[in-house]
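In terms of UniProt numbering, the sequence shown has 433 at position 433, counting the first letter as 1, and numbering is strictly consecutive.
These are computed hints drawn from the structure, not numbers from a lab. Check each hint, because a few of them may be wrong.
Derived lysine-lysine pairs resembling BS3-like cross-links, with alpha carbons at most 25 angstroms apart [unchecked claim]:
no.	residue 1	residue 2
1	Lys443	Lys150
2	Lys80	Lys304
3	Lys443	Lys294
4	Lys446	Lys76
5	Lys150	Lys446
6	Lys251	Lys182
7	Lys304	Lys291
8	Lys446	Lys304
9	Lys304	Lys294
10	Lys304	Lys443
FRET-style restraints, in silico, Cβ to Cβ [as the list claims (entries may be wrong)]:
no.	residue 1	residue 2	range
11	Gly447	Lys182	44 to 52 angstroms
12	Tyr123	Arg77	40 to 48 angstroms
13	Gly332	Trp149	43 to 51 angstroms
14	Gln269	Glu328	29 to 37 angstroms
15	Val440	Gln269	46 to 54 angstroms
16	Gly261	Trp444	28 to 36 angstroms
Built from N, CA and C at the ideal position, the CB exists for glycine as well.
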Amino acid sequence: MTTLHRSSSPAPSATSTLRSVVSQAELASTSAKRPLEEPSDETLRVEERAQVAELPRDGACQEDAVTLPKSGGRVKRGLKAVWDLLRAQWFVLGVGVVIVLAWAFPNVARPGGAIRSEYTIKYLAVAIIFFISGLTLPLRNLFLRAGDWKLHLVCHITSFFLFPAVTFAIINAVRAADPQYKRFDRWALVGMQVMAVLPTTVSSNVVMTGQAGGDEAATTVEVMIGNLFGTFLSPALLSLFMSSSTWSFGKPVASGKGGIGELYRQVIQQLGFTVFVPLTIGEILQYIWPKQVKWTRTTFRLGKVGSICLLLVIWSTFSGAFYEGAFEILTGEAVAFVVLVNIGLYLVISLFLFLVCRLIPSPRLRLKGRKFAYDGSGPLFDAATTIAALFVGGAKGAALGAPIVSILYGGLDGQARGIVSLPLVLYQGSQVVLGQLAVVILKWWKGRIDRHEAGEDRGTA
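Take these sequences, add in the hints, and give me the full structure.
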């Protein structure tokens with residue numbers, strides 16, 4: 001017998017069905033009366049699904065959405081890298097700016113010009129550089145480096161004997177190739193030899209040694225010794241190299257403006273006011289108020305101030321050269337030759353010094369605790385001292401060059417005197433640009449040496 005099963009849910013009555021229809025009609029009527037109200041969540045979801053359905057199904061939009069942020073990030077990173085490079089090499093850019101200013105407005109910063117650079121820059125700016133060195137360098141480091149006879153020999157034999165000898169060989173080769181001086185002015189060759197016998201520069205090597213992480217005390221001591229000895233050595237060496245009949249026309253004669261005595265007076269006066277006095281005052285202040293001096297150095301970034309003062313020195317040097325028309329006297333070929341020789345000399349001398357400092361074995365003087373002691377056998381100089389030697393031995397300065405040209409060659413006409421001074425001006429520009437490139441390389445190299453030595457110290461501890 002078959003049993004029929006009925007659904008347990010009761011069938012909707014006619015009354016309930018009628019009520020449902022009426023409710024839906026009222027809801028539709030209410031919605032029609034409020035057309036400006038925001039759509040419901042359900043309506044928004046339906047519209048979103050419809051919009052998504054209309055998009056292409058190959059994923060192109062998704063790829064664009066991902067690519068655009070990545071592309072924007074690459075551009076931002078590239079701009080940041082360029083900005084970081086400009087910040088790191090601001091000094092090189094500054095050199096270019098001051099040279100352009102010197103070319104455009106030579107009367108502003110030339111000696112005797114609008115700002116009287118023979119006082120404001122030649123004395124004041126250089127004095128600020130060494131005053132900052134006095135605030136920075138511990139006095140014991142200066143005394144320690146003053147007794148480093150090996151560093152004295154390496155730096156000054158290179159500066160006063162090797163450099164002039166190589167230069168003299170070059171100018172003799174040029175003269176042999178052009179005996180009538182048709183392509184190269186004879187006074188430019190004399191100027192190259194004048195540049196070669198000069199002592200190291202007074203300011204730029206100290207600044208760049210600090211930038212590269214080298215021993216500023218060593219550079220400062222060698223600057224003082226080199227310029228003191230150079231006052232007597234440079235005129236004597238120049239007379240020696242110009243003593244042959246071939247170069248007799250370029251031999252300096254102590255006449256006019258007080259002669260050789262006036263030369264000594266000018267150089268000693270400049271060294272006294274720009275090096276010894278400000279350095280001594282800085283050391284005294286550092287000794288009396290060490291904490292206050294340290295706060296001042298870090299707060300006002302005195303290292304940057306020294307670099308700015310160096311830019312002023314370069315500005316004044318090139319302003320004088322442009323004002324005298326030194327670059328217009330020689331042909332472009334001759335100027336290019338002088339620049340190439342200057343670059344070659346700087347690189348060759350620097351390479352020689354690096355090999356001497358790092359390949360000749362010698363017991364190392366290292367700081368152990370609070371005392372210096374000799375430690376085993378290593379290179380002739382450590383990394384910091386090597387950097388100092390590189391910036392001292394290959395540099396030439398105008399502190400003595402300007403008095404030599406103006407006094408010992410005072411009998412020449414203005415044009416010949418300008419040609420004699422031109423190689424020194426060009427060398428100063430070359431050594432600053434090459435020195436800034438060397439700062440980057442030497443700073444990286446010293447970092448590697450320091451990490452290696454720190455690893456050795458941990459291994460032996």
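Hint check results:
1. Lys443 x Lys150: This hinted pair holds, its Cα atoms lying about 23 angstroms apart.
2. Lys80 x Lys304: Satisfied, since the Cα-Cα distance of roughly 22 angstroms is no more than 25 angstroms.
3. Lys443 x Lys294: With a Cα-Cα distance of about 23 angstroms, the restraint between Lys443 and Lys294 holds, given a limit of 25 angstroms.
4. Lys446 x Lys76: Between Lys446 and Lys76 the Cα gap is close to 31 angstroms, so the pair fails against 25 angstroms, i.e. violated.
5. Lys150 x Lys446: holds (21 angstroms)
6. Lys251 x Lys182: Given pair Lys251, Lys182 holds - Cα atoms ~21 angstroms apart, limit 25 angstroms.
7. Lys304 x Lys291: It holds: about 20 angstroms lies between the C-alpha atoms, which stays within 25 angstroms.
8. Lys446 x Lys304: holds (21 angstroms)
9. Lys304 x Lys294: Holds, because 15 angstroms separates the two Cα atoms, which is no more than 25 angstroms.
10. Lys304 x Lys443: Roughly 17 angstroms separates the two Cα atoms, so the pair holds.
11. Gly447 x Lys182: 44 to 52 angstroms: holds (51 angstroms)
12. Tyr123 x Arg77: 40 to 48 angstroms: holds (46 angstroms)
13. Gly332 x Trp149: 43 to 51 angstroms: At 46 angstroms between Cβs, range holds.
14. Gln269 x Glu328: 29 to 37 angstroms: Taking Cβ atoms as reference, Gln269 and Glu328 lie about 32 angstroms apart, which means the hint holds.
15. Val440 x Gln269: 46 to 54 angstroms: At 36 angstroms between Cβs, range violated.
16. Gly261 x Trp444: 28 to 36 angstroms: violated (48 angstroms)
Comparing the model with each numbered hint stated earlier shows that hints 4, 15 and 16 do not hold.
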